[in-house]
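Each chain is listed here by its residues.
Number of protein chains: 2
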Amino acid sequence: MASFNKYRAGGSFRLADIKPGATPFKEGSRSEQLAQLDALALQLDVLQNLLHAEGSRKLLLVLQGMDTSGKDGTIRWVFSRTSPLGVRVAAFKAPSLDELAHDYLWRCHAVVPRSGEIMVWNRSHYEDVLVTAVEGWIDKKELQRRYAQINDFERLLSETGTVIVKCMLHISKDVQRARLQERIDTPGKHWKFALGDLDARKKWDDYQNAYEKALGATSTRHAPWYVIPSDSKTHRNLMVARLLIKTLQDMKLKEPPADPGLKGLIVE
Amino acid sequence: MASFNKYRAGGSFRLADIKPGATPFKEGSRSEQLAQLDALALQLDVLQNLLHAEGSRKLLLVLQGMDTSGKDGTIRWVFSRTSPLGVRVAAFKAPSLDELAHDYLWRCHAVVPRSGEIMVWNRSHYEDVLVTAVEGWIDKKELQRRYAQINDFERLLSETGTVIVKCMLHISKDVQRARLQERIDTPGKHWKFALGDLDARKKWDDYQNAYEKALGATSTRHAPWYVIPSDSKTHRNLMVARLLIKTLQDMKLKEPPADPGLKGLIVE
Chain A
1 MASFNKYRAG GSFRLADIKP GATPFKEGSR SEQLAQLDAL ALQLDVLQNL
51 LHAEGSRKLL LVLQGMDTSG KDGTIRWVFS RTSPLGVRVA AFKAPSLDEL
101 AHDYLWRCHA VVPRSGEIMV WNRSHYEDVL VTAVEGWIDK KELQRRYAQI
151 NDFERLLSET GTVIVKCMLH ISKDVQRARL QERIDTPGKH WKFALGDLDA
201 RKKWDDYQNA YEKALGATST RHAPWYVIPS DSKTHRNLMV ARLLIKTLQD
251 MKLKEPPADP GLKGLIVE
Chain B
1 MASFNKYRAG GSFRLADIKP GATPFKEGSR SEQLAQLDAL ALQLDVLQNL
51 LHAEGSRKLL LVLQGMDTSG KDGTIRWVFS RTSPLGVRVA AFKAPSLDEL
101 AHDYLWRCHA VVPRSGEIMV WNRSHYEDVL VTAVEGWIDK KELQRRYAQI
151 NDFERLLSET GTVIVKCMLH ISKDVQRARL QERIDTPGKH WKFALGDLDA
201 RKKWDDYQNA YEKALGATST RHAPWYVIPS DSKTHRNLMV ARLLIKTLQD
251 MKLKEPPADP GLKGLIVE
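So the protein sequences, as listed, match chains A and B. Using full-length UniProt numbering, the first residue of the first sequence is number 1, and each one after it goes up by one. Using full-length UniProt numbering, the first residue of the second sequence is number 1, and each one after it goes up by one.
Honestly, I wouldn't trust all of these hints.
Pairs involving identical chains hold if they fit within one copy or between any two copies, as the list cannot separate such chains.
[Stated by the list, open to error] Pairs of lysine-lysine residues, derived as BS3-like cross-links and limited to a Cα-Cα distance of at most 25 Å, are as follows:
hint, residue 1, residue 2
1, LYS252, LYS93
2, LYS252, LYS263
3, LYS189, LYS254
4, LYS58, LYS141
5, LYS246, LYS263
6, LYS246, LYS141
7, LYS140, LYS192
8, LYS213, LYS26
9, LYS203, LYS189
10, LYS140, LYS58
11, LYS189, LYS252
In case anyone wonders, no lab produced these hints; they're calculated from the structure. Because the structure is a prediction, the values reported are computed rather than measured.
Make the full structure from the sequences, and use the hints.
Shown next, in the form of structure tokens:
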């Protein structure tokens with residue numbers, strides 16, 4: 001199995017060095033891969049239960065990626081065996097008027113994970129250093145200030161018991177074209193398509209550039225970014241599942257100790 | 001298969017008429033039952049996707065029951081195949097100071113389902129007509145007023161697109177004894193046990209009475225209560241899953257229509 005380190009963003013990191021079509025965490029036949037994914041999802045359920053039992057720490061998974069990169073699909077498959085009791089999803093869309101009336105981290109802070117919980121952010125505060133940068137809504141100085149604010153915010157979460165994993169689902173421009181075209185050509189999928197998706201696609205290189213800068217500036221020890229080669233959906237799911245399992249294993253979760261006061265207690 | 005109507009609470013309904021040990025929705029061998037449950041969970045996933053695609057209506061499942069009646073287990077198994085993208089759980093515990101500073105429906109209204117979503121309430125506003133009544137914190141007049149307020153609140157939700165299903169997980173006092181004792185006798189389960197659970201158990205008959213009254217007063221056409229015989233965990237899961245599926249089928253969910261404007265569009 002490959003090492004996650006190679007896919008971890010750092011200061012001098014170049015997004016173009018990671019091929020969206022790579023499949024380093026995919027092995028065996030198609031049916032073996034699906035069986036592996038199911039086994040990983042079940043393993044994640046066991047670890048989530050332990051996180052819940054321990055009841056003190058939290059896990060935050062941030063998912064970012066271009067349209068059709070598979071954020072919804074990743075959530076569906078990686079968490080196909082966990083209970084909604086322990087896994088929550090917050091989806092960040094274009095901010096509402098009320099959200100715009102606050103700082104950009106306000107709506108995120110409102111939905112950080114609770115003790116014992118896994119929280120998944122489907123898009124995140126990173127939209128505020130991606131789309132805003134590409135569209136020129138903020139200047140370079142403000143962008144740098146936001147990187148620092150984000151690092152500070154994530155350090156707060158980390159220092160108060162939240163383990164943070166951030167994944168960029170990395171697809172090629174060709175794969176996006178095929179996936180958007182499929183949505184257009186399938187009447188039953190029209191509701192998943194918005195014409196605005198094509199506008200962002202026209203700025204593909206600007207977005208890749210904005211991602212590279214943002215990931216480089218905010219991949220920290222306490223909140224690392226991983227680039228997930230995602231042209232293959234199965235590879236994407238397997239890699240995210242394995243990364244989460246490794247993260248939870250590294251937390252060395254423990255069941256709370258038995259309560260000696262309950263010994264011999266009889267229920268009447 | 002049995003009819004749900006027999007388990008639906010109504011005005012003259014008597015809780016004692018429904019045996020917690022009954023298994024009207026369980027058929028076949030143990031392995032057949034588990035296969036059925038998995039098939040139902042997958043069917044629920046398909047229906048949930050359709051609810052999401054339709055994007056206008058909502059489903060609210062309210063779960064109530066005595067300690068160890070299996071609210072968590074029901075959520076785990078009934079939603080074992082649905083994505084956390086479309087199913088959310090809100091757990092209501094003893095109210096916080098901030099919650100107590102508001103009316104008792106405030107914290108519930110904050111977490112009603114969004115369009116296209118299934119929301120599960122693990123306990124609910126019904127605690128405010130159960131524990132409060134048993135402990136004598138509110139008098140009969142206030143209790144009647146709350147029943148009416150709850151019916152009004154649920155009518156609002158119903159009239160604005162939320163389909164409501166309420167389930168009381170009905171167990172016998174003996175089964176609760178065995179389940180509490182098991183938690184006590186299993187050191188690894190001590191974290192699930194609170195000595196306060198025994199206090200509520202001492203008031204078993206008062207709680208049964210409070211449930212009977214509350215269910216009778218608030219089982220409406222737009223928000224019916226069902227009593228789920230739950231001594232058998234498998235029966236409980238099968239019955240709740242079937243009830244939800246029937247509810248979603250009765251909604252006659254439809255995929256949104258295709259967008260004729262997308263015909264022939266080519267992604268570049």
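Hints versus structure:
no. : hint             : result
1   : LYS252 to LYS93  : neither (34 Å within a copy, 28 Å between copies)
2   : LYS252 to LYS263 : neither (27 Å within a copy, 53 Å between copies)
3   : LYS189 to LYS254 : between (44 Å within a copy, 13 Å between copies)
4   : LYS58 to LYS141  : neither (33 Å within a copy, 44 Å between copies)
5   : LYS246 to LYS263 : neither (36 Å within a copy, 45 Å between copies)
6   : LYS246 to LYS141 : neither (36 Å within a copy, 56 Å between copies)
7   : LYS140 to LYS192 : neither (33 Å within a copy, 51 Å between copies)
8   : LYS213 to LYS26  : neither (28 Å within a copy, 57 Å between copies)
9   : LYS203 to LYS189 : within (24 Å within a copy, 54 Å between copies)
10  : LYS140 to LYS58  : neither (33 Å within a copy, 43 Å between copies)
11  : LYS189 to LYS252 : between (42 Å within a copy, 19 Å between copies)
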